[in-house]
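Asker: Single-letter residue listing:
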Amino acid sequence: MLKKLFENIGLYFQMIWIIFSKPEKWSVFRKRVFDEIEIIGINSISIVAIMSVFIGAVIALQIASNMDNPLLPAYTVGYITRSTTILEFSPTIISLILAGKVGSNISSEIGTMRITEQIDALEIMGVNSLAYLVLPKIIAAVMFFPILVILSMALSLIGGWVALVGSDMGSTEDYVYGIRAFFRSYEVVYALVKTLFFAFIIVSIASFYGYYTKGGSLEVGKAATQAVVTNSITVLIVNLILTQVMLL
Amino acid sequence: MIEIKNLNKSFGSNQVLFNIDATFEQGKVNLIIGQSGSGKSVLAKCIVGLHVPETGEILFDGRSFLDMSRVEKTEIRKEIGMLFQGSALFDSMTVEENVMFPLKMFTNMTQKEMLDRANFCLDRVNLNGKNKLYPAECSGGMQKRIAIARAIAMQPKYLFCDEPNSGLDPKTSIVIDGLIKEITYEYNMTTIVITHDMNSVIEIGDRVLFIHQGKKWWEGDRKSILTTDNQEIIDFVYASNFMKEIRENMQNR
Numbered sequence: 001m002l003k004k005l006f007e008n009i010g011l012y013f014q015m016i017w018i019i020f021s022k023p024e025k026w027s028v029f030r031k032r033v034f035d036e037i038e039i040i041g042i043n044s045i046s047i048v049a050i051m052s053v054f055i056g057a058v059i060a061l062q063i064a065s066n067m068d069n070p071l072l073p074a075y076t077v078g079y080i081t082r083s084t085t086i087l088e089f090s091p092t093i094i095s096l097i098l099a100g101k102v103g104s105n106i107s108s109e110i111g112t113m114r115i116t117e118q119i120d121a122l123e124i125m126g127v128n129s130l131a132y133l134v135l136p137k138i139i140a141a142v143m144f145f146p147i148l149v150i151l152s153m154a155l156s157l158i159g160g161w162v163a164l165v166g167s168d169m170g171s172t173e174d175y176v177y178g179i180r181a182f183f184r185s186y187e188v189v190y191a192l193v194k195t196l197f198f199a200f201i202i203v204s205i206a207s208f209y210g211y212y213t214k215g216g217s218l219e220v221g222k223a224a225t226q227a228v229v230t231n232s233i234t235v236l237i238v239n240l241i242l243t244q245v246m247l248l
Numbered sequence: 001m002i003e004i005k006n007l008n009k010s011f012g013s014n015q016v017l018f019n020i021d022a023t024f025e026q027g028k029v030n031l032i033i034g035q036s037g038s039g040k041s042v043l044a045k046c047i048v049g050l051h052v053p054e055t056g057e058i059l060f061d062g063r064s065f066l067d068m069s070r071v072e073k074t075e076i077r078k079e080i081g082m083l084f085q086g087s088a089l090f091d092s093m094t095v096e097e098n099v100m101f102p103l104k105m106f107t108n109m110t111q112k113e114m115l116d117r118a119n120f121c122l123d124r125v126n127l128n129g130k131n132k133l134y135p136a137e138c139s140g141g142m143q144k145r146i147a148i149a150r151a152i153a154m155q156p157k158y159l160f161c162d163e164p165n166s167g168l169d170p171k172t173s174i175v176i177d178g179l180i181k182e183i184t185y186e187y188n189m190t191t192i193v194i195t196h197d198m199n200s201v202i203e204i205g206d207r208v209l210f211i212h213q214g215k216k217w218w219e220g221d222r223k224s225i226l227t228t229d230n231q232e233i234i235d236f237v238y239a240s241n242f243m244k245e246i247r248e249n250m251q252n253r
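Quick mapping for you: the protein sequence lines, in order, are chains A and B.
Each residue of the first sequence is one higher than the last, beginning at 1 in my numbering.
Each residue of the second sequence is one higher than the last, beginning at 1 in my numbering.
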């Protein structure tokens, strides 16, 4: 099992090396990047928006309902909601959600292309199939995931505000004050740097499992599942490392 | 012309090809036949570079494929057209986009020139007017014809067809065989067809290479295959009762 793991890691880095080669034609490559931005990024806006509003609302309500100590200032709800959202929820949890949605999509798309010989067809034509298929996806994710995370931050805070004020558990002034209290712009930078790493990891690992699929439709399904599991674990490990490196 | 010399290929401890030597001539339809699992598809994939053989030489008009750099291999692949068993059309593209794909990737043609070329190729395989369909909307026979149109879009010097008739009815198979034969002569290509369809052997096989248990067993033309004394060929060609009856009738004459 350990041997297989090391073989896969070696194969993964070999794949990364091939991916970053000069595209055959820039006009085709540019179009592929825009197509992937739509598939990976724009088509993920709705799920990110829904998740963010509801989780933001729940975070705010839970903090408010657990704050029965009168010594805690009223703005604490806004402060903790902001910190939780910016530091962890938006970059990490949203990335985990995207690891499921985008990762399984990429893995099954490329896996199906593999088993139906479409990748062989590209190779025989003389196209670098890895660069053609995967590089536009990586660029699209690296470009668009930060936008999704910023959107998620904003919508979570709005969701928290709506829930808090709507349920009469706090005031707008206290909540907004809390959001602005002790704000360090570095926290946003930290979140976005994490997101860039996660974007690269999610797309490259999903592509790896899809590209090296062998067999039939059953194996494509297994590859998609493996991609999501490996992505989730890797995102959590990298999150821990980046937190150690950037925040402590 | 494609020559292969002393080709050996294994997967782990399982050797699939043993010392294969063969010559595939230009302007002819060269068939590789054999039972399922005999190694004919592996042989074809070695020739086009999808598998790397352990030993041997593959020469495309005297140019050694295995000694080439990645860039040189990419260049020679632009001279190769391939028709896959399952057609291998790109699902997300229309018929027209599939045919135009190699042109977009490797030529500096204008959109109109590419469209004209795609229309010409589609017309050549009798598929004019189907440009905007997606592969999923086409029948198996149509998909094969689109794949042929895509394969000839770049006017290749070498054409590979992996079981072009699999999954097709006899009438459509004849159409596909006819197309392969016509375009081979028309463009003077070196065509290699992997098949186990005896109809194809009789219809289009200018040269026939019989692979058995990973070894080159027999080589000849479509006429001599019917009269050879080689027992493995006889077992392969006259496998059905119907063919056995034909053989008996031929012998009784």
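A few of these clues could be false.
Okay, derived cross-link-like pairs now, DSBU-like style, lysine-lysine, Cα gap no bigger than 30 Å in a straight line [stated by the list, open to error]:
#1 K45(B) x K222(A)
#2 K130(B) x K5(B)
#3 K25(A) x K5(B)
#4 K104(B) x K31(A)
#5 K223(B) x K181(B)
#6 K223(B) x K157(B)
#7 K25(A) x K130(B)
#8 K4(A) x K214(A)
#9 K45(B) x K25(A)
It is worth saying that the hints were derived from the structure and are not from the lab.
Keep in mind it's a predicted model, so treat the numbers as computed, not measured.
Asker: Flag every earlier hint the structure violates by its number, smallest first.
Answerer: Those not satisfied are hints 2, 3.
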